[in-house]
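Student: Those sequence lines, one after another, are chains F and A. Just so it is clear: in the first sequence, position 377 is 1319 by the working numbering, and no numbers are missing. Just so it is clear: in the second sequence, position 106 is 1048 by the working numbering, and no numbers are missing.
Worth flagging that the hints you see were computed from the coordinates, not collected in a lab. It is possible that some hints are incorrect.
No copy labels: a pair is met if it fits in one copy or bridges any two.
When the alpha-carbon atoms are kept at most 30 Å apart in a straight line, the in silico BS3-like pairs for lysine-lysine are as follows [said to hold, decoys possible]: (1) Lys1303 x Lys1070; (2) Lys969 x Lys1303; (3) Lys1150 x Lys1277; (4) Lys1293 x Lys1037.
2 protein chains.
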Amino acid sequence: MSVHEKSKTGVAFPQGFRASAVAAGLKKSGKADLALVVSDVPAAAAAMFTTNQFPAAPVLVSQAHLRASRHHRAVLLNAGGANACTGEPGLQDAKSLCAQTASLLGCSPAEILIASTGVIGQRLPLPKMLAALPRATKDLSPDKGLAAAQAIMTTDTKPKSVDTSVRIQGTTVKIGGMTKGSGMIHPNMATMLAVITTDMPLLKVEMKTLLREACRGTFNAISVDGETSTNDCVFMLANGQAGTKAALTTAGAKATFVRALTDVADALARSIVEDGEGASKYINICVTGAASDIQAMTAARAVGDSQLVKTAIHGQDANWGRILSAMGATRVRIKPERVRVDINRVPLVRKGVDAGTPWDKGNKALAPKIINIEIDLGLGTGRAQYRTCDLTAHYVAINAGYRN
Amino acid sequence: MSVHEKSKTGVAFPQGFRASAVAAGLKKSGKADLALVVSDVPAAAAAMFTTNQFPAAPVLVSQAHLRASRHHRAVLLNAGGANACTGEPGLQDAKSLCAQTASLLGCSPAEILIASTGVIGQRLPLPKMLAALPRATKDLSPDKGLAAAQAIMTTDTKPKSVDTSVRIQGTTVKIGGMTKGSGMIHPNMATMLAVITTDMPLLKVEMKTLLREACRGTFNAISVDGETSTNDCVFMLANGQAGTKAALTTAGAKATFVRALTDVADALARSIVEDGEGASKYINICVTGAASDIQAMTAARAVGDSQLVKTAIHGQDANWGRILSAMGATRVRIKPERVRVDINRVPLVRKGVDAGTPWDKGNKALAPKIINIEIDLGLGTGRAQYRTCDLTAHYVAINAGYRN
Chain F
943 MSVHEKSKTG
953 VAFPQGFRAS
963 AVAAGLKKSG
973 KADLALVVSD
983 VPAAAAAMFT
993 TNQFPAAPVL
1003 VSQAHLRASR
1013 HHRAVLLNAG
1023 GANACTGEPG
1033 LQDAKSLCAQ
1043 TASLLGCSPA
1053 EILIASTGVI
1063 GQRLPLPKML
1073 AALPRATKDL
1083 SPDKGLAAAQ
1093 AIMTTDTKPK
1103 SVDTSVRIQG
1113 TTVKIGGMTK
1123 GSGMIHPNMA
1133 TMLAVITTDM
1143 PLLKVEMKTL
1153 LREACRGTFN
1163 AISVDGETST
1173 NDCVFMLANG
1183 QAGTKAALTT
1193 AGAKATFVRA
1203 LTDVADALAR
1213 SIVEDGEGAS
1223 KYINICVTGA
1233 ASDIQAMTAA
1243 RAVGDSQLVK
1253 TAIHGQDANW
1263 GRILSAMGAT
1273 RVRIKPERVR
1283 VDINRVPLVR
1293 KGVDAGTPWD
1303 KGNKALAPKI
1313 INIEIDLGLG
1323 TGRAQYRTCD
1333 LTAHYVAINA
1343 GYRN
Chain A
943 MSVHEKSKTG
953 VAFPQGFRAS
963 AVAAGLKKSG
973 KADLALVVSD
983 VPAAAAAMFT
993 TNQFPAAPVL
1003 VSQAHLRASR
1013 HHRAVLLNAG
1023 GANACTGEPG
1033 LQDAKSLCAQ
1043 TASLLGCSPA
1053 EILIASTGVI
1063 GQRLPLPKML
1073 AALPRATKDL
1083 SPDKGLAAAQ
1093 AIMTTDTKPK
1103 SVDTSVRIQG
1113 TTVKIGGMTK
1123 GSGMIHPNMA
1133 TMLAVITTDM
1143 PLLKVEMKTL
1153 LREACRGTFN
1163 AISVDGETST
1173 NDCVFMLANG
1183 QAGTKAALTT
1193 AGAKATFVRA
1203 LTDVADALAR
1213 SIVEDGEGAS
1223 KYINICVTGA
1233 ASDIQAMTAA
1243 RAVGDSQLVK
1253 TAIHGQDANW
1263 GRILSAMGAT
1273 RVRIKPERVR
1283 VDINRVPLVR
1293 KGVDAGTPWD
1303 KGNKALAPKI
1313 INIEIDLGLG
1323 TGRAQYRTCD
1333 LTAHYVAINA
1343 GYRN
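Please construct the entire structure, taking both the sequences and the accompanying hints into account.
Tutor: So this is what it looks like as structure tokens:
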């Protein structure tokens, strides 16, 4: 079992799924900006949404549709406009898009889920989008997963499309996924949209738990810039087309499926951080020996969100004092004299003070593109992993000129 | 009553205070790096320290000295080495410096307070510093306040030295101050050192409260990069040389003194943000209408600490969606439909959505160097002010190469 990245089929890889991507005129470049993911048969669905208090219109509409319908047929996504902070008119726009898509697919509007990404506060160009929907439904194909992933890109430099297969009780079950996200990335969702599809037969009641479990150490443990956006969501659709023999009736089957699902979420989450706005380094922070898993995550996040740590790594400067200082600024239980820090297996801190490694050697440990920071607090068994990227002048350039 | 910035006398402005600055060889440039502030007579003292869990050796030593002695004579400060995360040897170094200074001034070591700033994790070059101390005591003068402020600069581009005078019950009372700080600046102290001196007769028991009050809306409401360092402290010395007639026996006298003290703290805090590492804009965030003052401060900090807000302002892009998104990511009580946002008096958000101001006009509001962001949550009477600066490519350059 391994996850295939840069998958051409992606979300359309599992049986009975199709995707499409069309240009509705939202991106100035004229590139595809509207993606549609459809299950040929009604599918069970679950989703994780942003915790931001200004949830975008598509977030509110998708939440209502998940409550209103037991089955879902499609996810409609667009780049080029977040439809957030657009008030009642923005809500109406999202509803119109769902209604039109439902009419074209021959289902009820509540069976459509919707997501948007782009600048906050502007209305969507509704007429253009409604005009593009018939093309989007006409172009649906099992080969368009990658194209759909391309359509939802904003500042992303690469499309993010993956697939995997797994054997469950003698049956081959497929999982596909796509995501977008590069800036405004932070735990509990970011300017990050993701769709995961599977032909595994799943009940709606169990899907929410499975998805939450898969997101915990993946989508909810990454950060590019500490920003939690108004639009984040991860959608999961399961249409059961793999056949009824596959079922999560045994602990082994469940473990196998959760692992595959988590691997897909992990590959997608990793691809976001690796494509972090302006990033030159991919940083993996592992905290062990904390008083609890939650404390470990707090410490890991403090390090991963520190601008000074991120700039030091960018400058290949093994300035470990910034790592300790970032953790020390939290309320996590710390005994300085027990703290150990290694970067790419080079010891930098022992017993809370300099491990004696020459500066040059420490700095050399930061030469690779992948930076593993291992921190042991020496107190308990709590552990956590958090992934981020470095902070570069290029990030500033991208975000200083985003709207212009 | 007004605060005089760029004061030549600064901390040595009040009666009975002198300062000096010498080069001990900590800065590669050969510039002065050791500052001494002395009261000719025993002074009452108070201090605010970092809340970081890796407090530097000088922080621990100063805390012990404040407990051990009722009176204090001097503050010794150095740039070029933080003496943080240096373990027991670092503590001994700080104690040796205090002992030597005390011996030269003819007082007990506990009467000396000490502070350091610079790279974390390296031992101080103790022999050089001990050798420089006789020069530092010999050079003490009422004219060396600015020189002392210069000596404690790290990435600061300007020395920060102020003074003011105020009439209390017919007597002229003087207050002087100096500070350093440019990066690693965040509430509850930053890589920020400050010394405030006054010839006002004050009791040690009342000073702590006065200092805390003066810091709340000033040193504790600024941020450059969201980092709380291991070394921050604000020291205050009061030697009573203005004469015994000045006393805080009336509410009016107390209010006058607190206002003057706060003005000094405010001028120093503002000078730090204005000199923020790589900053091109000075951002003043005012939140009103929150459910409480604490919630207002949480919202103001979320906006001021947002990398996306800071880069947008740098790019003169009135992308107000990032302001709402940053507040929305907190747990502060918000009703989107009541939120108003103005930048430099240009309305950007009304009732949680676009105020209808053309983009060009919004962007033009960001042309000045000083950016006032006014946010009204429309819920209650809670208010707070928070000051920060923009995030620039230059900040990244400074911090990527800091140790090299």
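Student: A separate judgement is required for each hint: does it hold in the structure or not?
Tutor: A quick look at each hint next to the structure:
no.	hint	result
1	Lys1303 x Lys1070	between (57 Å within a copy, 27 Å between copies)
2	Lys969 x Lys1303	between (46 Å within a copy, 23 Å between copies)
3	Lys1150 x Lys1277	between (38 Å within a copy, 28 Å between copies)
4	Lys1293 x Lys1037	between (58 Å within a copy, 21 Å between copies)
Every hint, counting from the list given before, is met by this structure.
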